[in-house]
Amino acid sequence: MSVSLNGNIKEGLFHWHGLHYRELFQPLYARLLWQSFEFSFVTTLTCVLLGYPVALALATMPKRWKPICLMLLLIPFWSSSLVRIYALLTLLKAKGLINGALLYLGIIKMPLPLLYTKVAVIIGQVYTLLPFMILPIYVLLDEYDSSWIEAAKDLGASSTQLFWRIFWPYSLPAVGSGVMCVFLPAMTLFYIPSLLGDRSSLMLGNVIQEQIMNQDNWPGGAATSLLLTAALLVFTLVYRALFHKKRGGRLG
Amino acid sequence: MNRLTRSLFFLVMAFLYIPMVVVVLFSFNHSLHSLIWHGWTWQWYSKLWHDALLAKVTWHSLCLGFSAAFISTVLGAVVSYSLYRYRFFGRRLISGLLIVLIVIPDLVMAIALMILFRSAHVSFGFVTLFLAHVSFCLPFSVMVISNRLSDLNPQLLLAAEDLGASLWQQWWWVMIPAMRSALLVSALLSFMLSFDDVVISFFVSGPNYVTLPLHVYAMAKLGANPEINALCSLLLLLTVAVVLISQRLLGKKT
Numbered sequence: 001m002s003v004s005l006n007g008n009i010k011e012g013l014f015h016w017h018g019l020h021y022r023e024l025f026q027p028l029y030a031r032l033l034w035q036s037f038e039f040s041f042v043t044t045l046t047c048v049l050l051g052y053p054v055a056l057a058l059a060t061m062p063k064r065w066k067p068i069c070l071m072l073l074l075i076p077f078w079s080s081s082l083v084r085i086y087a088l089l090t091l092l093k094a095k096g097l098i099n100g101a102l103l104y105l106g107i108i109k110m111p112l113p114l115l116y117t118k119v120a121v122i123i124g125q126v127y128t129l130l131p132f133m134i135l136p137i138y139v140l141l142d143e144y145d146s147s148w149i150e151a152a153k154d155l156g157a158s159s160t161q162l163f164w165r166i167f168w169p170y171s172l173p174a175v176g177s178g179v180m181c182v183f184l185p186a187m188t189l190f191y192i193p194s195l196l197g198d199r200s201s202l203m204l205g206n207v208i209q210e211q212i213m214n215q216d217n218w219p220g221g222a223a224t225s226l227l228l229t230a231a232l233l234v235f236t237l238v239y240r241a242l243f244h245k246k247r248g249g250r251l252g
Numbered sequence: 001m002n003r004l005t006r007s008l009f010f011l012v013m014a015f016l017y018i019p020m021v022v023v024v025l026f027s028f029n030h031s032l033h034s035l036i037w038h039g040w041t042w043q044w045y046s047k048l049w050h051d052a053l054l055a056k057v058t059w060h061s062l063c064l065g066f067s068a069a070f071i072s073t074v075l076g077a078v079v080s081y082s083l084y085r086y087r088f089f090g091r092r093l094i095s096g097l098l099i100v101l102i103v104i105p106d107l108v109m110a111i112a113l114m115i116l117f118r119s120a121h122v123s124f125g126f127v128t129l130f131l132a133h134v135s136f137c138l139p140f141s142v143m144v145i146s147n148r149l150s151d152l153n154p155q156l157l158l159a160a161e162d163l164g165a166s167l168w169q170q171w172w173w174v175m176i177p178a179m180r181s182a183l184l185v186s187a188l189l190s191f192m193l194s195f196d197d198v199v200i201s202f203f204v205s206g207p208n209y210v211t212l213p214l215h216v217y218a219m220a221k222l223g224a225n226p227e228i229n230a231l232c233s234l235l236l237l238l239t240v241a242v243v244l245i246s247q248r249l250l251g252k253k254t
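Top line first, the protein sequences correspond to chains W and X. Taking our numbering, I'd label the letters of the first sequence as residues 1 to 252. Taking our numbering, I'd label the letters of the second sequence as residues 1 to 254.
Do not rely on the hints blindly, as some may be mistaken.
Stated by the list, open to error - DEER-style ranges, computed between Cβ atoms:
#1 Tyr86(X) <-> Glu143(W): 25 to 33 Å
#2 Pro67(W) <-> Trp37(X): 29 to 37 Å
#3 Trp168(X) <-> Gln215(W): 51 to 59 Å
#4 Leu11(X) <-> Ile107(W): 14 to 22 Å
#5 Gly251(X) <-> Lys109(W): 47 to 55 Å
#6 Glu38(W) <-> Gln169(X): 56 to 64 Å
#7 His38(X) <-> Leu105(W): 20 to 28 Å
#8 Glu38(W) <-> Trp173(X): 52 to 60 Å
#9 Gly164(X) <-> Arg165(W): 54 to 62 Å
The hints are simulated quantities; they were obtained by calculation from the structure and are not laboratory data. Backbone N, C-alpha and C fix where the C-beta goes; we use that ideal spot for every residue, glycine too.
Whenever a hint applies, use it, and build me the whole structure from the sequences.
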């Protein structure tokens, strides 16, 4: 990463200066950085809201169905996210299935512009990253002891209390690792905005890709990715500070 | 609470599966553009079969996947064994670094590797792709194999040593049989990771060595067409097969 501090890489001379870092504080970058945060935040929040109940449903499922349902979750987890994004693209396009169905049913007169929007990018991110939220939470919740429920019920807890006072605190570390597994890729998976979004929905990953591949601006690209690494570090430290004293969340 | 979570479970599953099912279904549709059903056809698959460029990039991805899976599993076994057997200076640092490699965003790793290769004047192609793929598969291999080793009774190795087994004999008669399922899972996962990777390959591939996902990405950028539908269906089929096999292997262990 030292290239980002290097003035001119082609000459191979290491002039240490902060120019490329100052570049990062230009309004354009600040706006894109903010947008990436915004998108990733919405994606992560949606993934928690959808993923937690799914993990809970999976963990409390009768033994007979569990292996099949787990398998159903592992298939999207392991399939190529590019293939899955492409699948979503065929569904969202102007002549795609959703618009087709809505037109057929007479709900809309004109095809809705679903693809190449900010919403499409967020849907794409949620679609790709949701399994990465569900699995860590499931792995931890799966180890729950049914005696807890009995004990809580014996002591007169309602199901809301049961959830907020037992399941939620217990599973918090796993939610934390799920958030890390979703938030960081959401900032960097450049092919999701580039396939599903338009020029206005670009993110930090696209900036880096653009800087390096099209403008040959390596120091700039390296500086941007170093910023990303710094974000990762802050994130990890916050995570450790919050959860390290309790038991660590584990990845499936 | 229970009924709510269960219905949400089915909704989310529908959300995850409908697009994939639609792609598979429409790869058999007889029409080029419309979403109206025009009858079954194999024509898109036969078109893929005769696509010379596709055959080339698939061959590239297969070579890369197999070699990266093999090497990362071998190295993963050696690393896991060292972490399991020996207490040495920097042991905790190494296991920490492996976790960093798992959580670090692909993009950051891609750029770091690209700059490294560029400064070392390695020409971009199979070699750079291979090195990059091994380096992102290795932490996963170590994770899978170490997980298996943590269940292994250390006295087994001591017993073998007591009975006069050389290091090679210990590996051949004790370690490899004990790790067999983990080795296979590690190879499968590494293969899948390598075979599906877009982000890292995007930055470290050369114009003469394009992989299958990069080819799909370039095609998908131009919009949807039934040929990609067919290709994506085949890739999904491969994933389902790998998941089923690795679940079977992991299931056997316990």
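Right, here's what the structure says about each hint:
Checked against the given bound of 25 to 33 Å, the beta carbons of Tyr86(X) and Glu143(W), roughly 31 Å apart, stay inside it. Checked against the hint of 29 to 37 Å, the C-beta distance between Pro67(W) and Trp37(X) comes to roughly 34 Å, which is consistent with it. Here the CB-CB span from Trp168(X) to Gln215(W) is close to 53 Å, well matched to the stated 51 to 59 Å. One distance hint, 14 to 22 Å for the beta-carbon pair Leu11(X) and Ile107(W), holds here, with the actual separation near 20 Å.
Range check, Gly251(X) to Lys109(W): Cβ separation about 53 Å, and the 47 to 55 Å hint holds. Taking the beta carbon of each, Glu38(W) and Gln169(X) are about 59 Å apart, inside 56 to 64 Å as hinted. Separated by about 21 Å at the C-beta atoms, His38(X) and Leu105(W) satisfy the suggested range of 20 to 28 Å. The hinted window of 52 to 60 Å between Glu38(W) and Trp173(X) holds, with their beta carbons roughly 57 Å apart.
Separated by about 58 Å at the C-beta atoms, Gly164(X) and Arg165(W) satisfy the suggested range of 54 to 62 Å.
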